[in-house]
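2 protein chains.
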Amino acid sequence: MGDADIIIEAVPERLDIKQQTWEKVGNLAPEKTIFCTNSSTLMPSDIAPFTGRPEKFLALHFANEVWSKNTGEVMGHPGTDPAVFEAVAQFAEEIGMVPIRIHKEQPGYLLNSLLVPFLSAAGTLLVRGVASPEDIDKTWKIATGAPTGPFEIYDVIGMMTPYNLNKDSADPESRKFAEYIKTEYIDKGWLGKGSGRGFYEYN
Amino acid sequence: MGDADIIIEAVPERLDIKQQTWEKVGNLAPEKTIFCTNSSTLMPSDIAPFTGRPEKFLALHFANEVWSKNTGEVMGHPGTDPAVFEAVAQFAEEIGMVPIRIHKEQPGYLLNSLLVPFLSAAGTLLVRGVASPEDIDKTWKIATGAPTGPFEIYDVIGMMTPYNLNKDSADPESRKFAEYIKTEYIDKGWLGKGSGRGFYEYN
Numbered sequence: 001m002g003d004a005d006i007i008i009e010a011v012p013e014r015l016d017i018k019q020q021t022w023e024k025v026g027n028l029a030p031e032k033t034i035f036c037t038n039s040s041t042l043m044p045s046d047i048a049p050f051t052g053r054p055e056k057f058l059a060l061h062f063a064n065e066v067w068s069k070n071t072g073e074v075m076g077h078p079g080t081d082p083a084v085f086e087a088v089a090q091f092a093e094e095i096g097m098v099p100i101r102i103h104k105e106q107p108g109y110l111l112n113s114l115l116v117p118f119l120s121a122a123g124t125l126l127v128r129g130v131a132s133p134e135d136i137d138k139t140w141k142i143a144t145g146a147p148t149g150p151f152e153i154y155d156v157i158g159m160m161t162p163y164n165l166n167k168d169s170a171d172p173e174s175r176k177f178a179e180y181i182k183t184e185y186i187d188k189g190w191l192g193k194g195s196g197r198g199f200y201e202y203n
Numbered sequence: 001m002g003d004a005d006i007i008i009e010a011v012p013e014r015l016d017i018k019q020q021t022w023e024k025v026g027n028l029a030p031e032k033t034i035f036c037t038n039s040s041t042l043m044p045s046d047i048a049p050f051t052g053r054p055e056k057f058l059a060l061h062f063a064n065e066v067w068s069k070n071t072g073e074v075m076g077h078p079g080t081d082p083a084v085f086e087a088v089a090q091f092a093e094e095i096g097m098v099p100i101r102i103h104k105e106q107p108g109y110l111l112n113s114l115l116v117p118f119l120s121a122a123g124t125l126l127v128r129g130v131a132s133p134e135d136i137d138k139t140w141k142i143a144t145g146a147p148t149g150p151f152e153i154y155d156v157i158g159m160m161t162p163y164n165l166n167k168d169s170a171d172p173e174s175r176k177f178a179e180y181i182k183t184e185y186i187d188k189g190w191l192g193k194g195s196g197r198g199f200y201e202y203n
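Heads up: the sequence lines are chains A and B, in that order. Following the working numbering, the numbering of the first sequence begins with 1 at its first residue and continues without gaps. Following the working numbering, the numbering of the second sequence begins with 1 at its first residue and continues without gaps.
Treat the hints with caution; some may be incorrect.
Remember, identical chains collapse to one label, so a pair may be satisfied in a single copy or spanning two.
Claimed, not checked - Below 30 angstroms or equal to it, Euclidean Cα-Cα: the simulated DSBU-like pairs (lysine-lysine) are: (1) K104 <-> K182; (2) K138 <-> K188; (3) K193 <-> K182; (4) K176 <-> K193; (5) K32 <-> K193; (6) K104 <-> K176; (7) K69 <-> K104; (8) K193 <-> K24; (9) K188 <-> K104; (10) K69 <-> K141; (11) K32 <-> K188; (12) K182 <-> K32; (13) K104 <-> K138; (14) K104 <-> K32; (15) K193 <-> K104; (16) K24 <-> K104; (17) K176 <-> K188; (18) K138 <-> K193; (19) K167 <-> K104; (20) K167 <-> K141; (21) K193 <-> K69; (22) K138 <-> K69.
These are computed hints drawn from the structure, not numbers from a lab. Since the model is a prediction, treat every value here as computed from it, not as a measurement.
Use the sequences and the hints to build the structure in full.
Structure (structure tokens):
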């Protein structure tokens with residue numbers, strides 16, 4: 001790591017692994033180096049105390065398909081130095097990202113905070129038997145001009161993520177959706193767009 | 001109403017007014033005539049008993065800006081004749097709508113069932129001080145390819161609708177969002193795109 005100005009970590013999404021990683025890196029890296037986690041689910045404040053430099057620690061989070069969806073969500077914890085925050089936002093811009101400044105720790109950052117309730121609502125409509133994935137997607141696309149509806153987005157994400165997210169939910173309709181995904185798709189090997197079939201078929 | 005095959009009603013959104021209207025129309029219209037309500041918020045089953053022909057009664061719901069957003073959400077109640085449901089879906093298609101078949105009564109139909117939790121999530125991010133409307137919109141647009149983000153959608157809908165929808169909510173963050181909309185926008189006459197200014201300024 002020599003004289004790097006910024007180190008970005010993307011080790012597995014487990015708090016203990018991230019904490020131990022940063023503890024080691026914190027002992028080795030020069031004092032000036034800024035530390036960024038790319039964690040999608042863990043909060044910077046839970047990792048910061050292990051870095052040895054909490055004021056130089058924050059999250060820089062890339063979206064899936066970062067080559068085309070080039071947001072860089074920048075999120076600190078209460079002890080992050082505002083100048084460091086701004087330096088990372090500018091760094092994100094320099095590497096071709098659109099920096100998204102998040103002023104408070106928010107699980108799911110911005111994107112998942114919007115996407116999860118939206119996709120859940122679509123899943124609920126489906127398991128209630130209200131309408132087909134095709135009609136739900138069509139409605140959203142016509143009304144908002146979006147290129148993809150919620151079930152097309154599910155297919156891109158893949159079936160495992162919504163399954164894992166919903167299977168132990170407190171909401172019975174979310175659990176029903178997880179069960180539906182499992183029996184109708186996962187058990188048949190239809191894991192989403194990447195596997196050639198999910199809610200839709202792909203060539 | 002002579003020998004109309006279908007009558008669509010769009011009287012004010014009050015259950016008593018709709019019930020009284022259909023009671024009168026039901027006494028006058030020929031037996032074959034299908035009755036459709038365009039109600040956005042009331043359920044067909046609450047109106048059906050007043051029509052004198054519940055099996056020929058259902059909802060055909062147009063979206064805002066119907067000229068470009070041409071969904072026709074077709075939604076019956078448990079007593080709607082399936083053949084009548086299909087006839088109305090086909091009628092919607094004949095008049096240039098994309099028929100959306102809703103198989104069970106669902107408050108908010110499909111569009112508002114998706115839109116409300118999505119927009120609420122955006123409002124919550126704002127009142128928590130997590131990020132600016134601009135950055136929230138930018139994130140959504142880049143990640144999903146949609147032409148508009150949630151705050152641009154709020155501006156099209158206008159401030160009064162989310163205010164009325166949230167002001168008496170059981171959720172404190174929703175009430176806080178209503179209060180925020182009122183003091184920061186409504187009280188200043190910034191009612192959304194139609195008034196030239198909402199979350200954004202328009203020329």
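Here is how each hint holds up against the structure:
1. In this homomeric assembly, K104 and K182 come within 30 angstroms of each other (Cα to Cα) only across copies, at 24 angstroms, whereas the closest approach inside a single copy is 35 angstroms.
2. Taking the shortest alpha-carbon separations for K138 and K188, only the intra-copy value of 25 angstroms comes in at or below 30 angstroms, while the best inter-copy value is 37 angstroms.
3. Taking the closest pair of Cα atoms, K193 and K182 come within 30 angstroms of each other only inside a single copy of the chain (16 angstroms); across copies the shortest separation is 44 angstroms, beyond that limit.
4. In this homomeric assembly, K176 and K193 come within 30 angstroms of each other (Cα to Cα) only inside a single copy, at 22 angstroms, whereas the closest approach across copies is 40 angstroms.
5. Taking the shortest Cα distances, K32 and K193 never come within 30 angstroms of each other, neither inside one copy (43 angstroms) nor across copies (47 angstroms).
6. Proximity of K104 and K176 under a CA criterion of 30 angstroms is satisfied inter-copy only: 17 angstroms between copies versus 33 angstroms inside one chain copy.
7. Only within a single protomer do K69 and K104 lie at most 30 angstroms apart by alpha-carbon distance; the minimum there is 22 angstroms, versus 36 angstroms between protomers.
8. Taking the closest pair of Cα atoms, K193 and K24 never come within 30 angstroms of each other, the shortest separation being 39 angstroms inside a single copy and 53 angstroms across copies.
9. Proximity of K188 to K104 under the C-alpha cut-off of 30 angstroms is restricted to the inter-copy arrangement: shortest distance 28 angstroms between copies versus 41 angstroms within a copy.
10. Taking CA atoms no more than 30 angstroms apart as the test, K69 paired with K141 passes in both settings, with 19 angstroms inside one copy and 9 angstroms between copies.
11. Proximity of K32 to K188 under the C-alpha cut-off of 30 angstroms is found in neither arrangement, the shortest distances being 52 angstroms within a copy and 47 angstroms between copies.
12. Proximity of K182 and K32 under a CA criterion of 30 angstroms is satisfied in neither setting, with 48 angstroms inside one chain copy and 46 angstroms between copies.
13. In the homo-oligomer, the alpha carbons of K104 and K138 lie at most 30 angstroms apart only across protomers (18 angstroms), although the nearest pairing inside one protomer, at 35 angstroms, exceeds that limit.
14. Taking the closest pair of Cα atoms, K104 and K32 come within 30 angstroms of each other only inside a single copy of the chain (24 angstroms); across copies the shortest separation is 61 angstroms, beyond that limit.
15. In this assembly of identical chains, the alpha carbons of K193 and K104 lie at most 30 angstroms apart only when taken from different copies (29 angstroms versus 34 angstroms within one copy).
16. In this homomeric assembly, K24 and K104 come within 30 angstroms of each other (Cα to Cα) only inside a single copy, at 27 angstroms, whereas the closest approach across copies is 57 angstroms.
17. Taking identical chains as interchangeable, the C-alpha atoms of K176 and K188 lie at most 30 angstroms apart only when both belong to the same chain, with a minimum of 18 angstroms there against 45 angstroms between chains.
18. Both within a single protomer and between protomers do K138 and K193 lie at most 30 angstroms apart by alpha-carbon distance, with minima of 18 angstroms and 25 angstroms respectively.
19. With identical chains, the CA atoms of K167 and K104 are at most 30 angstroms apart both within one copy (29 angstroms) and between copies (25 angstroms).
20. For the identical chains of this complex, K167 and K141 are neighbours both inside a copy (28 angstroms) and across copies (29 angstroms), given an alpha-carbon limit of 30 angstroms.
21. Taking the closest pair of Cα atoms, K193 and K69 come within 30 angstroms of each other both inside a single copy (17 angstroms) and across two copies (28 angstroms).
22. In this homomeric assembly, K138 and K69 come within 30 angstroms of each other (Cα to Cα) both inside a single copy, at 23 angstroms, and across copies, at 11 angstroms.
Going down the numbered hints, you'll see the structure goes against 5, 8, 11, 12, while the others check out.
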